[in-house]
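2 protein chains.
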Amino acid sequence: MSIGTLYFIPVTLGGDHISHVLPVDVISITHSLDTFIVENEKTARHFLAAIRHPKAIRDIQFKTLNTHTPDKELPSLLAELVAGKHVGMMSEAGCPGIADPGATLAWLAHQKGIRVAPLVGPSSILLGLMGSGLNGQRFTFLGYLPSDKSARIQQLREIEKRANSMNETQIFIETPYRNQHMLEDILANCNGNTKLSIACNVSLPEEFIMTKTIFQWKQKPLPDLHKKPTVFLLLA
Amino acid sequence: MSIGTLYFIPVTLGGDHISHVLPVDVISITHSLDTFIVENEKTARHFLAAIRHPKAIRDIQFKTLNTHTPDKELPSLLAELVAGKHVGMMSEAGCPGIADPGATLAWLAHQKGIRVAPLVGPSSILLGLMGSGLNGQRFTFLGYLPSDKSARIQQLREIEKRANSMNETQIFIETPYRNQHMLEDILANCNGNTKLSIACNVSLPEEFIMTKTIFQWKQKPLPDLHKKPTVFLLLA
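Protein chains in written order, with the working numbering: chain A, 84 to 319; chain B, 84 to 319.
The reader is advised that the hints may include incorrect statements.
Copies of the same chain look alike in the list, so a pair counts if it fits in one copy or across any two.
[Said to hold, decoys possible] Below, simulated BS3-like cross-link-like pairs (lysine-lysine); rule was C-alpha separation at most 27 Å, straight line:
{"no.": "1", "residue 1": "Lys155", "residue 2": "Lys295"}
{"no.": "2", "residue 1": "Lys195", "residue 2": "Lys303"}
{"no.": "3", "residue 1": "Lys295", "residue 2": "Lys244"}
{"no.": "4", "residue 1": "Lys195", "residue 2": "Lys295"}
{"no.": "5", "residue 1": "Lys146", "residue 2": "Lys295"}
{"no.": "6", "residue 1": "Lys295", "residue 2": "Lys168"}
{"no.": "7", "residue 1": "Lys138", "residue 2": "Lys310"}
{"no.": "8", "residue 1": "Lys301", "residue 2": "Lys195"}
{"no.": "9", "residue 1": "Lys155", "residue 2": "Lys125"}
{"no.": "10", "residue 1": "Lys311", "residue 2": "Lys295"}
{"no.": "11", "residue 1": "Lys232", "residue 2": "Lys303"}
{"no.": "12", "residue 1": "Lys311", "residue 2": "Lys195"}
{"no.": "13", "residue 1": "Lys244", "residue 2": "Lys301"}
{"no.": "14", "residue 1": "Lys244", "residue 2": "Lys146"}
{"no.": "15", "residue 1": "Lys310", "residue 2": "Lys155"}
{"no.": "16", "residue 1": "Lys138", "residue 2": "Lys295"}
I should point out that these hints are in silico values taken from the structure, not numbers from a laboratory.
From just these sequences and the hints, can you work out the full model?
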């Protein structure tokens, strides 16, 4: 008996612009599955409805994997794969395993000889970097910076130093309701020549990707990033 | 008169599996363009034929941007955008601006107020990371390591140290005909517990993504990576 494949399925970053961000084959593969490991069952149901999954939602099996899932529960999530069934993994938005749950599950899958198949879809980190005009030959994604203001400023200075010494684009995110504070801290603490790219609502119709020096950003009114998913990219 | 948009168009990583890796809207947008800035005109022509661009190739305008293009020629590449025309940018394979030319052009576009619109498509770096099971909350892409053996080994040790101290996945590539040497150097110089993911021929039918510890890799015959596009991912 052959073993199943674990598909890592990207989910739209908001809205239902399916044909804009997902290849037809990704939708077909997702249609062929009826068992999903999901970060959030509600958003997963919404996504499957948006891509018109042919099965009734009640006939689809969901298992939850999020930051609260203890590692000891992971093997049970893979049991059906071992038994030969193909299973999909979906996070709330974007690509599973990248700034989202899924990596530990994929590692365990590899240990069990289960194939992990990543599918093409939107990643605000990758798209933000593509659109930024900053260095894509060398870059670091740092995740979230500290929420404490003084620790955040301290890290921003280290980030700017590393960006400069390594010519390495530094990419980070913030909880959307704190975006405006993050932007103000960057502008107040980085050098005027440092380049900052703001990638907001990436892949949505209201997408906004703009790159300027800190000096240039300070010349005009700032964009409103409040509660809008945003990726910050910095190169000194 | 309104200004044009500069679309960053991902190209398939090989083969013609268009529907597997490109959303329908990305194909439609590309069909609507007749001016392209390309890393390699021959592969760009092949790609446009593969996605069945409605115009005859002779009626499509190509301008070359590669590592040999002097920076002073970049403004002329943007002239038609300033004049209101939408233009596409394509590298040989994968996403323009990421481990490929395009970033300097995008930066200049931002300086001129030209919108840069990154489109969804395959990136072997992103897909390799998704499929690896290694840390996707924090990662660095380093590009190519030094080709000199002793310098490469020295950098591999630094990479492993950073992976360990920061819990940061280290991602790097090698010229495909040197992949086997890279793999041997990694196995000979990294700790047994360090995790190595090999992502080879990503997004192609013969895709191979496998993650093991260095100790585990050494237990079985090594995969043949010679001349196959491969991404290496390491976490200590």
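| message | As a check of your reading, is Lys301 near Lys195 (CA-CA no more than 27 Å) within one copy, between copies, both or neither? | response | This pair counts as between: shortest inter-copy Cα distance 17 Å, intra-copy 53 Å.
| request: With 27 Å as the alpha-carbon cut-off, assign the pair Lys295 and Lys244 to within, between, both or neither. | output: Within one copy, since 18 Å is at most 27 Å while 34 Å is not.
| Lys138 and Lys295: within-copy, between-copy, both or neither at 27 Å Cα | neither (47 Å within a copy, 36 Å between copies)
| task | Up to 27 Å between alpha-carbons, please classify Lys295 paired with Lys168: within, between, both or neither. | result | This pair counts as between: shortest inter-copy Cα distance 23 Å, intra-copy 49 Å.
| field | 27 Å Cα threshold - placement of Lys295 relative to Lys311 | value | within (19 Å within a copy, 38 Å between copies)
| How would you label the pair Lys195, Lys295 (within, between, both, or neither) given a Cα cut-off of 27 Å? | between (47 Å within a copy, 11 Å between copies)
| At most 27 Å between C-alpha atoms: does Lys244 with Lys301 qualify within a copy, between copies, both, or neither? | Only inside one copy: Lys244 and Lys301 sit 21 Å apart there, 38 Å across copies, limit 27 Å.
| message | I want to check one pair: Lys232 and Lys303. Are their C-alpha atoms no more than 27 Å apart within a copy, between two copies, both, or neither? | response | Close inside one copy (24 Å), not across copies (50 Å); limit 27 Å.
| query | Given identical chains, is Lys155 near Lys125, meaning Cα to Cα at most 27 Å, within a copy, between copies, both, or neither? | reply | within (24 Å within a copy, 52 Å between copies)
| How would you classify Lys146 and Lys295 at a CA-CA limit of 27 Å: within, between, both, or neither? | So Lys146 and Lys295 pass the 27 Å test across copies only (26 Å; inside, 43 Å).
| Can you tell me if Lys195 and Lys303 fall within 27 Å by alpha carbon in one copy, between copies, both or neither? | between (55 Å within a copy, 15 Å between copies)
| For Lys155 vs Lys295, is the C-alpha pair at or below 27 Å within one copy, between two copies, both, or neither? | Only across copies: Lys155 and Lys295 sit 20 Å apart there, 46 Å inside one copy, limit 27 Å.
Of the numbered hints stated above, those contradicted by the structure are hints 7, 14, 15, 16, listed in ascending order.
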